[in-house]
Structures are given as C-alpha cells and as structure tokens.
Amino acid sequence: MNKDDFLGRIRKALHREAISPIEAPPALLSPLTDWDNAALVEQFCDELTQVGAQVHRVATVKEARDKLVQLLVESGAKSYIRSSDALVDEVAEAVSLPLAQRPEQADIGISTVTFGIANTGTLVLSSEVGRQASLLPMTYIALIYAEQIVPSMTEALTLYQRELPSAWVQATGPSRTADIELTLTTGVHGPGVVKVILIAKH
Amino acid sequence: MKVSSQNFKANARKALKDQQLQTALGRATAQFVGKRKTAVAALKNFEDLRDYCAVVKAHTLDYLDYYLEQLVDNVERLGGEVHFAADGNEANRIVTELARANNVKTVVKSKSMVSEEIQLNEALEAAGVTPLETDLGEYILQLDHDAPSHIIGPAIHKTKEQVTKLFHDKLGTPLDADIPTLTSAARRVLRDGFLQADMGISGANFAVAETGTIALVENEGNIRLTTSLPRMHLAIMGLEKVIPRLHDLPAFLAILPRSATGQKASSYVSLISGAKREDEPEGPESFHLLIIDNGRSAVLADPKLRAALRCIRCGACLNSCPVYQQVGGHAYGWVYSGPIGAVLDPGLLGLKDTFNLPQASSLCGACGEVCPVKIPLPELLIEHRRRSVERGLSAKTEKVAVGAFAFIASQPVLWNAGTKMGRFAAQRLSKDGYLTGDWLPVLKQWLSERDFPAPAKTSFRERWEELK
Chain W
4 MNKDDFLGRI
14 RKALHREAIS
24 PIEAPPALLS
34 PLTDWDNAAL
44 VEQFCDELTQ
54 VGAQVHRVAT
64 VKEARDKLVQ
74 LLVESGAKSY
84 IRSSDALVDE
94 VAEAVSLPLA
104 QRPEQADIGI
114 STVTFGIANT
124 GTLVLSSEVG
134 RQASLLPMTY
144 IALIYAEQIV
154 PSMTEALTLY
164 QRELPSAWVQ
174 ATGPSRTADI
184 ELTLTTGVHG
194 PGVVKVILIA
204 KH
Chain V
1425 MKVSSQNFKA
1435 NARKALKDQQ
1445 LQTALGRATA
1455 QFVGKRKTAV
1465 AALKNFEDLR
1475 DYCAVVKAHT
1485 LDYLDYYLEQ
1495 LVDNVERLGG
1505 EVHFAADGNE
1515 ANRIVTELAR
1525 ANNVKTVVKS
1535 KSMVSEEIQL
1545 NEALEAAGVT
1555 PLETDLGEYI
1565 LQLDHDAPSH
1575 IIGPAIHKTK
1585 EQVTKLFHDK
1595 LGTPLDADIP
1605 TLTSAARRVL
1615 RDGFLQADMG
1625 ISGANFAVAE
1635 TGTIALVENE
1645 GNIRLTTSLP
1655 RMHLAIMGLE
1665 KVIPRLHDLP
1675 AFLAILPRSA
1685 TGQKASSYVS
1695 LISGAKREDE
1705 PEGPESFHLL
1715 IIDNGRSAVL
1725 ADPKLRAALR
1735 CIRCGACLNS
1745 CPVYQQVGGH
1755 AYGWVYSGPI
1765 GAVLDPGLLG
1775 LKDTFNLPQA
1785 SSLCGACGEV
1795 CPVKIPLPEL
1805 LIEHRRRSVE
1815 RGLSAKTEKV
1825 AVGAFAFIAS
1835 QPVLWNAGTK
1845 MGRFAAQRLS
1855 KDGYLTGDWL
1865 PVLKQWLSER
1875 DFPAPAKTSF
1885 RERWEELK
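These protein sequence lines map, in sequence, to chains W and V. Counting in our numbering, the first sequence tops out at residue 205, every number present. Counting in our numbering, the second sequence tops out at residue 1892, every number present.
The set of hints was computed from the structure by calculation and includes no laboratory data. Watch out, some of these pointers could steer you wrong.
In silico EDC-like cross-links for lysine to aspartate or glutamate, where the CA-CA straight-line distance does not exceed 16 Å [to be verified]: (1) V:K1426 to V:D1570; (2) W:K70 to W:D92; (3) V:K1461 to V:E1471; (4) V:K1426 to V:D1511; (5) V:K1844 to V:E1886; (6) V:K1589 to W:E184; (7) V:K1589 to V:D1568; (8) V:K1438 to V:E1873; (9) W:K198 to W:E77; (10) V:K1728 to V:E1807; (11) V:K1584 to V:D1600; (12) V:K1881 to V:D1856; (13) V:K1433 to V:D1777; (14) W:K204 to W:E150; (15) V:K1529 to V:D1622; (16) W:K6 to V:E1500; (17) W:K70 to W:E96; (18) V:K1459 to W:E184; (19) W:K6 to V:D1511; (20) W:K15 to V:D1486; (21) W:K15 to V:D1726; (22) W:K65 to W:E96; (23) W:K6 to V:E1493; (24) W:K65 to W:E93; (25) V:K1584 to W:E184; (26) W:K6 to V:E1514; (27) V:K1461 to V:E1793; (28) W:K6 to V:E1505; (29) V:K1529 to V:D1616; (30) W:K198 to W:D69; (31) W:K6 to V:D1497; (32) V:K1688 to W:D49; (33) V:K1584 to V:D1602; (34) V:K1441 to V:E1873.
Excised from the complex, chain V in its bound form (with noise of 0.2 Å):
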C-alpha cells in the first residue's frame, strides 16, 4: 500500500462526507465493540490473561535476538529455509527469485499486513507471477483495485450493494444476488486458484521459537488451503512476531479471538511446522520462512515505542476508537490505522509525513482499555505530539497561539485582564450556551470541529472572594 498518510486532513473530510462508509463503518464498528465486550465479560480471567500476553510480549522484545535465533535453528532443524530482509524492497527479491527459481506462476495468498506494507502482489505481477487473494474480504478489495481499510475486516468499508454490483461486473452473479450466492461464487473461483497454484503465501499470527511452529489465526479455511495444496509454502512475518514457548500460545489463542471478534476461539487455528513429512500423505513439499524488518528495529530501539511492537493486530483499538468510527481506515493512508496505525506508522515510516496521524485522537483512553497486550497507546500518541512539537512538525497557529498562552499565564497582571476580557468577549459570541465565532478566522476552523461551552459569568475566583 502507498502511503498518503500526509494527506490525513483531507482524508478524513472525504470520508465523512461518503455517506456509504459512513453507514458501513458506523454498523461494523458497533457490532465489533460489542461483540468483544460480552466475550470478554464472560472470561473471568481475562485481565490475568492480558497480563500475562503483555509480559510475555514485553519480554520477547526485550530478548528478541535470543528467540529470532532460536526460531530459525528450529525452523531450519525441521527442513524448513530461513530468509531475511532489511526492507520492503529486499523482500520482495526474495519472494520473486524464490518463484522465478521453483518455477512458481501462480500464488495463492492468505491474509498478510506486511505482504500489504511492502506492496508484494505488486512485485510479483511484475515478475509475471500472478498473486490471487484468498481472503473473502482481500478477494473483493482485489478485485475492485481497493486497499483494506480494518486489519479483521479489509473490506467493511463496502456495503453488501458494493460487492453485489462487483461480483455481478467480474464474476457474472446475479444483481439480487444474496450474501451466501455472493460467498459461494467466490468459494468456486478461489478454488480452482487454490488447485492450480504453485506457492501458497501466508502471513504469521505467532512463531513460537522453542518448536520452530508458525500460528496462524482465521475463520474461513483459506490459510489451511494456502498452507496445504500448493507444492511450496512461505510464510512472511515481521520480526515481532516471535513468541517463547508452544505453551505461552494458548493464553494468546484465549484473547486473540475475543478482543478481535468476539468469538471464543476462532475457526481454525493452525499450527505449522516445516513442510509435509515423509510418513505424512499431503502437504507441501518445502517451507520458507521469509522474516522481515522494514522499520522495526527503528522501533525496537526506541525504549517508549518498543511497547508498539507487542500488537497483535486484533483491531480492538480501532473498533473502539471514536476517530476511527468516523473515518475509517483509508484516511489513515498506510496499512495500520485507528490508534495502532497512528503510533506504528510514525514509527515504521518516520514523523515528517505521519505526524497528523496521533493528533488525530481525542485522547479519550479507549484504545489503552481494550488492547489485549496493554500497549500504552494513549501515551504513545501523546509522545508523537511531543516529538512533533520539538521537530517543528506541528501547526504554526498552534505554535504561536500556545507562545502567547505561556506568556500571559505566566505575568499575573495580564492574565486577569486577560481572562476577564475573554469572558466578556466569549459571552457575546455565545448562543443557547455555546460559543459561536463564525466570523472569526482562527476561531471558525477551531470550532468547526468542537462544542465549546460559554464562560460562567463570574469566575471561580470571583465567586470564591465573595463567598469567603
């Protein structure tokens, strides 16, 4: 995906104004929210449980060289070959010389963020491999030219009447088609790609460095298509992805589904280890593990952020955020968005074009509540702020105005002229007890966005001298 994260502002305008998304966002949001609320509820170990994932998580990350190698001997002891790429652009060499080598023309994909971050199916199309998306929802973005806008859902953006009209243009279903038609013209077609395909490529939920075993996480059987029928299978993984122990997964399996859809435990988890073995009957013939860095040890070595590498992307924090609830998550301009994109993006891409990203947050506590691994968001968006202020980054109005601020706050004289006259000023702009200032530059932009109650007419310190 290109980022256009630097275009926020705009984004976000037009996508409150499309008034499809904001019908397809608003009910996918809420389902969400409290989908996750009565699963969790009903779990009476669950704070324990988070506990836990965020100490493990926090420690792994802490140590990650020590499990990265531990990972890639097991891997490599179960017959399986390890690859490493620096960045995007190393990783897609890697994949395409992997197909052009093997012969590979035609690759099957399961869900993956990072294929996403590095734009992957673009690289392979250009090496002549064509990538078919086996995800329902990345199935449709793909054949619409889209971009996935939720990390659960790509495609919750789109109402059904979308896809309906899609299906129609591209695969001949009918235009009153219903959900389940829609769903089973899209099982024929992803079919036949499964069984023709070379290479099956899936991304990693967890990769547990004790065994060498890659988790991974979904509801509708394409990562067990992707992982069992063609004759190559390679995962991708960014290097966070690394967990100790086989036994630390089911306390990850236990919270995973519930923050991310509510559902106790997800339709199919599977755990791989290395290609088909002799005395097996099916599987692929060889396993690649491709492990990827594009950014992360950037965010690795800043102590604050590290906590941002534990995520283990349920889309809790986006459900629950009220920015995300209106924009959505193409306004967010890169793979990650809601209030995980805007502390991660900055991270992986740098400031300079994220920067309106974690101002874009009321900083009301939501997404620190519900994040499973309890990665301190709220405190890491204001962090960003603070970097953005002292790179010069922000707003010069802001600037100006928080100058002047400091300057009449700080001289007792001017701040009680100051207030008073505020007060008198605001209250004449005030209307049925909000203020108003239509006319006002700053104040216009200001308040296009924001209720603002009118001033008591009286301070608390006047009120104080007459009650004393």
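Chain W with its partners taken away, still in its complex shape (with noise of 0.2 Å):
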C-alpha cells in the first residue's frame, strides 16, 4: 500500500480531509536553565549506585589515566576496544592492554559520553563516537566530565541542539533480564558490570 492510500485510511477513520498544520498541547516539562552541579554530580552518584554501576570519582584527567589502568589491571581482562574521540584517547594513553583484534572478542570496552541524567543515574550514549565500545564486552567503562551532567531528559535533549544521532542510548546501568521467573540477572547481552570515571575538572 502506498503512503496515499494509508493515509487515507486513516482520513475516512477519522471522518475529514487533510488538515493544514495544528498546535500539540502544550509541553509539560520544560527544561531547567540553572541548576548546582555539585549537587547534581551528588545525585548521579547516588543513582548510579543504586542500578548497580561502580563509581570511580577522580580530580583530574591525569588521575582518570592511572585510575583506568587499575581498573584494567585489576579486571584481568586480555583486550579492550574504545571509541574514537578526544577525552578516549587523552585517557587510554597509558593503558598497556592490546587492542581486541575483533570487537567482539574484547573484554572491556571504554568510552566517553555525550552526557550523565543525574535524576536517573543515567549515561547518555552516541553513535556519533562509535556504539560497539558500550555495548558488546562484558565490562564497560564511561569517562564523564561532572560539566556533562544536566538533571534529566529535558536539559539534555534541550542542550544537544543538534540534529539527533543515529543513534543515542540512554544507558541505566548494566544489562538486566527477569524473564526467568522474575529473578534478576546482569549481562544478558549488553555489560554486565558498568564503571563510570567521574572527573571533576575539565
């Protein structure tokens, strides 16, 4: 069936002919201008927590590069993938680990985020950095700037003022599934455990 047609199914359903433009009602979260980023980073905090996601809060980029090889050292993971962007490559420096030969096949995936919900504990996720480093290892670390955390949902679509990626994910802490008798269980398919860097200064 051709648009047309479909279109005018829906026309004859609703008894009338095409209609020139119309008002939506009105918006009833409007964004916030002004907010406390110390208490905002706070709340992040507390919310990351609470969906299972590890916080690892440092002062600087130099203490995020010694901060990410402790945690490779410690995960004892045999190879990495990362996005492709500045804050990655500034950070992953000093990490020794060789790179997965195939996505796939990585331990551990890091990288940057667009921005961080602070109502939600959430991560946002951008295509425009690359999807696979967040999504196909078993661990996944994010390195946020405490600048990139907005209140919630609002802020952050309001301050993108862009068009849209392909693809932008928010991102709530690890994978989780309850199909099995509502029994709780992490990395079904996406990480299983999320660790987040938070630097304080940019």
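Dock chain one against chain two, each of which comes alone in its own frame, and use the hints as you go.
Here is the structure:
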C-alpha cells in the first residue's frame, strides 16, 4: 500500500480531509536553565550506585589515566575496545593492554558519554563516537566530566541542539533481565559490569 | 499468533487447573504489582505525567494522519525507507520481499508484539529466512514453540524448572543449572546470532513525528544489538505509536518503566534516527520503517474505542486484573491479553470470536486505575458487552433470565410475590449464610464460580413498614 492510500484510510477513519498544521498540547516538562552542579554530581553518583554501577571519582584527567590503568589491571582483561574521540585518546594513552583483534572478543570497552542524567543515573551514549565499546564487552568503562551532568533527560535533549545521532542511547546501569521467574540477572546481552570514571575538572 | 479467543472458557478452565502456571502467575503478578506501586508512589508528579501522556496520545490519535505524514517525511529525510501495510499478509509480504531483495538469510528480532500479531516468524521461515528471537523470554518461547503470555514478561508462565529442562535439551546446559548459568548460555548462542545476522527487526515503543526518531525501551541490550550489528535495521510499528515531539518523550519514559516493572528508568532507551551517518564509525547501512494498520483504523474510526489505541503496552492492567492473575495470558487466545486485550482484541479482530473476553471481568476497575494513559478500560469492557448483547452474541440463558427479570420488575404484583417466594426458596437453599443449589442446573453453573450471601429473613421494605 502506498503512503497516500494509507493516510487516506486514516482520514476516512477520522471522517475528514487532510488538515493544515495543528498545535500540539503545551509541553508539561520544561527544561531547567540553572542548577547546582555539585548537588547534581552527588545525585548522579547515588543513582548510579543504586542501579548497580560503580563510580570512581577523580580530580583530573591525569588521575583518570591512573584509575583506568588500575581498573584494567584489576579486571584481568586480555584486550579492549574503545570509542574514537579526544578524551579517550587522552585517558587511554597509558594503557598497555592490546586492542582486540575483533570487537566481539574484547573483555572491556571504554568510551566517553554525551551527558550524564542525574535523576536516573543515566549515561547518554552517542553513535557519533561508535556503538560497540559500550555494548559488546562484558565490562564497560565510561568517562565523564562533572560538567556533563544535567538534571534530567529534558535538559539533555535541550542542550544537545543538533540533529540527533543515528543512535542516542540512554543507558542506566548494567544489562539486566528478569525473564526467568522474575529473578534479576545482569549481563544478559550488554555489559554486566558498568564502571564510571567521573572527572571533576575539565 | 493464531487466534483462539473463541475458546476462552475452555482455555481459562485449563489454566485454572494448571498448578505450575498458577504458581508462576501468582508470583509474577504479585511482584509486578508491588514494584509498580512503590515506584509510582515515589514520583510526586505521577498523576500530572499521566494526565499529560493521556492528553498527548489522545491528541495524536485525533490528528493521526497529520503526525504520521510528518513522521514519514522525517524518516525519509534521514535516508530511511518507509513501507505501509494494510494488514498482516501485506506486512509479511513486504518484509520477506525486503529480505529477498537484500539477500538476507538470517534475521535477529527484538520483542515486537505487532510481529506476533501478524505471525512474521512463520512468514519468514516459509520464505527461507531464519528468524532468531533475542529477548530472553521470547527466545525461551521460540525454543519451546510456545507463545507469549504477558507484554512485559513474555515467558512469565514458565517456571525455572521448565526453562532448565528446555535449555538442557536444546543447548546442553546441566540439569541443575542456576538462572545466571542459563542466562549466560543464552548470551553465547544469541551473540553468535547477532554477529551473523543480515537484518535486525525491532518493534517501536514510540515514533517521534517531529524528528523521525524511533524510541525503543528495554533492559537486556538485545535491542541495541539488533539495531546496531546487522547491516539492515527494520523497525515495525502499529500506526498508533506516533507522538508529536521529542520533548514529549521524557514524560512517557517516566511513566512507562514505572508502570511496567517498577523501574525509575529502563536499562536502555535507544532513540534511533535513521541508519549510520557517513561520519559515524559503526551502525547499520540502511534503515526501514514498516507501519502497519491490521485493524487499527477501524478502532480509530470508533469514537468510543479510539482511546484503546493510546496503550503504551506497559502491562500494568494485566498484573492488576483479578481475572488475568488467575487465567494468565494464553487463555485470552491472542497477543494482547488481560483488560487491554479484552478491549483491543474485539476491536482488532471483531466481536464475533472475542465476545467472551470482555465478559471475563469483575469490573472491579483496577485496570482503569493503573493505566498510565488513562484508557477507560472498565467502560470499554461494558461497551463491548453492550454491543455483544445488541448483536445477539451473549448466552441465550442470560437473555431469557434478563428478559424475565425485566417483565417481573415492571409488574408490582408479580415483583412482590416473586421476591417473597424467591426469599423463601433461597433460605431453604442456604447453608452457613451462603446460597447453595447444586441440584439446580442454571444455578449450579452460576454458583460454581461465585459465593452468594443468603438473603435476609425479612426484606428492607418489610422492615421499613415495621419501623415506621
């Protein structure tokens, strides 16, 4: 069926002809323009912990580098994959672990995020820097600056101000399922372990 | 899923006797109800959000042609291809043709109720394409040739023991495997499937007209894989999934997970806007959107039933329904079960095969109270009952009984004599304060599912005369 016939059926169901642009109901949630970043950081960390992610707070990029090396050593990972952007370049510089030959073989993925959403402990992941690092390996390490944290999804969408990437993913904690007897199990398809390195200063 | 709603009574009786099902159902619905209640109570503007989402959905349905056209234009602007299907057959033809033209051998699927509705897997198999369900619940059902029984937890009717046995037989996991072991076995098998698949087929929770974006909500990550790894992504949606603006999404994403699983936020929300862009490193090469009518425009044309198309498939009405809690999803005989199924299935399939579904309700109103988009479910159940009577679909005994009652109630002499006789007889038939009557054919059937208190010795009107 073509578009015109399909829309014609709908117009017939609505008992009328095509109409000109109409006004949608006024939006309920309007974005905040001002907030206390320090309070948001605390809220973000609390929510992340509640959904089962680990937060590692560091002061500078240099400390982030040390923290990343420490986390990789502790994990016993054999190889990793990463997103392609400046912050990961900077932080992953000190990593001696080899990159995985094929992305699906990696034990750990590292990427930056576009925003952190405080009220749900959510990481906004953008396909601009790739999709696989935060998705394929069992462990995912996210890098985020404190200033990237916003109160809610509404502010994240408002601040983005560009056409959305092909995939804008809001990730809240590890991959989980409760499909067998509603028993919560993590890591069913995506990462079962999520670690966030939160860098205080840009 | 083949329709067997006409067998509701037999299906329900079978379900009531199935001890494993009763255990699984009781556990699942109680847990869903409790978690929802806590999550909703913790959100102070829940009622405002609910009002807002109901208004936005109702508005979008009233101007559906306008918003759908806007959606289509924006998907095409982003390089996507949009397909339209009047019914299931046409939808299946479009998908299999798309697969054939692009040399697709295997398909990974994330959960899509509309694909169950049109029996897409059967059509794909017939066309030589292998579909793999990747939602853990749906995968279990596919392995067991079973059908989903709940919108959110498709396999909640299965116990762990049943899944363990199934995975032992099909995947070789040990018979004493625990749930994490079963889950990681599924992860391994399905990951291979993702890496080999040529096309990913997803559903759509919302489609944003303003931006051409498809929003997908999940916890497992299989939707992310489905929409990221294969070279093609096809999203399938019923025509009612549109919402006007990106800024409407946060409200819907606040009420959906809370109503469904009691979560503040689902693990993953994917906003998909077309295929991989030129400057992006990974993602599918092409994006297709298939918009399906399959009976929906008839529901849209019905001023009373139109509200049923607001449904965002959270499953809260199923969990809260005392009938669903007892009989489970399969008894309803189609994809949509519980109160929303009893309202929507007659709308989509016609009343003739489904008129038993709206009868299976105590009209307690719980479904209407929990619905996050305020679908007046109890009223719509009654509306279907009214139409069933009008069309002569209801039981003959009921018609005779109601006719007799109407006649007697309109004749004061008959009424007074009748109530006296009735009370006298009923007292003889009562035991321990409840009516019994196992030897009376009609009464026996009626009482088999109900407790009816014995009538008082004197009627209100008699007592009133004395008290005056």
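Outcome of the hint check:
1. V:K1426 to V:D1570: 12 Å, holds
2. W:K70 to W:D92: 15 Å, holds
3. V:K1461 to V:E1471: At roughly 13 Å apart (the allowed maximum being 16 Å), V:E1471 and V:K1461 satisfy the hint.
4. V:K1426 to V:D1511: 15 Å, holds
5. V:K1844 to V:E1886: 10 Å, holds
6. V:K1589 to W:E184: Holds, at about 14 Å.
7. V:K1589 to V:D1568: Between V:K1589 and V:D1568 the Cα gap is close to 11 Å, so the pair holds against 16 Å.
8. V:K1438 to V:E1873: 15 Å, holds
9. W:K198 to W:E77: 13 Å, holds
10. V:K1728 to V:E1807: 8 Å, holds
11. V:K1584 to V:D1600: 11 Å, holds
12. V:K1881 to V:D1856: 14 Å, holds
13. V:K1433 to V:D1777: Roughly 12 Å separates the two Cα atoms, so the pair holds.
14. W:K204 to W:E150: 8 Å, holds
15. V:K1529 to V:D1622: Roughly 7 Å between the alpha carbons, so the hint for V:K1529 and V:D1622 holds.
16. W:K6 to V:E1500: 12 Å, holds
17. W:K70 to W:E96: 12 Å, holds
18. V:K1459 to W:E184: Holds - the C-alpha atoms of W:E184 and V:K1459 are around 15 Å apart, at most 16 Å.
19. W:K6 to V:D1511: 14 Å, holds
20. W:K15 to V:D1486: 12 Å, holds
21. W:K15 to V:D1726: Within the cut-off at roughly 11 Å; holds.
22. W:K65 to W:E96: 10 Å, holds
23. W:K6 to V:E1493: 8 Å, holds
24. W:K65 to W:E93: 9 Å, holds
25. V:K1584 to W:E184: 6 Å, holds
26. W:K6 to V:E1514: 14 Å, holds
27. V:K1461 to V:E1793: The given pair, whose Cα atoms are some 12 Å apart, holds under the 16 Å limit.
28. W:K6 to V:E1505: Since the Cα atoms of W:K6 and V:E1505 sit roughly 12 Å apart, the hinted pair holds (cutoff 16 Å).
29. V:K1529 to V:D1616: Roughly 14 Å between the alpha carbons, so the hint for V:K1529 and V:D1616 holds.
30. W:K198 to W:D69: Distance ~15 Å between W:K198 and W:D69 Cα, so the pair holds.
31. W:K6 to V:D1497: 11 Å, holds
32. V:K1688 to W:D49: 13 Å, holds
33. V:K1584 to V:D1602: 9 Å, holds
34. V:K1441 to V:E1873: Within the cut-off at roughly 14 Å; holds.
In terms of the numbered hints stated before, the structure departs from none.
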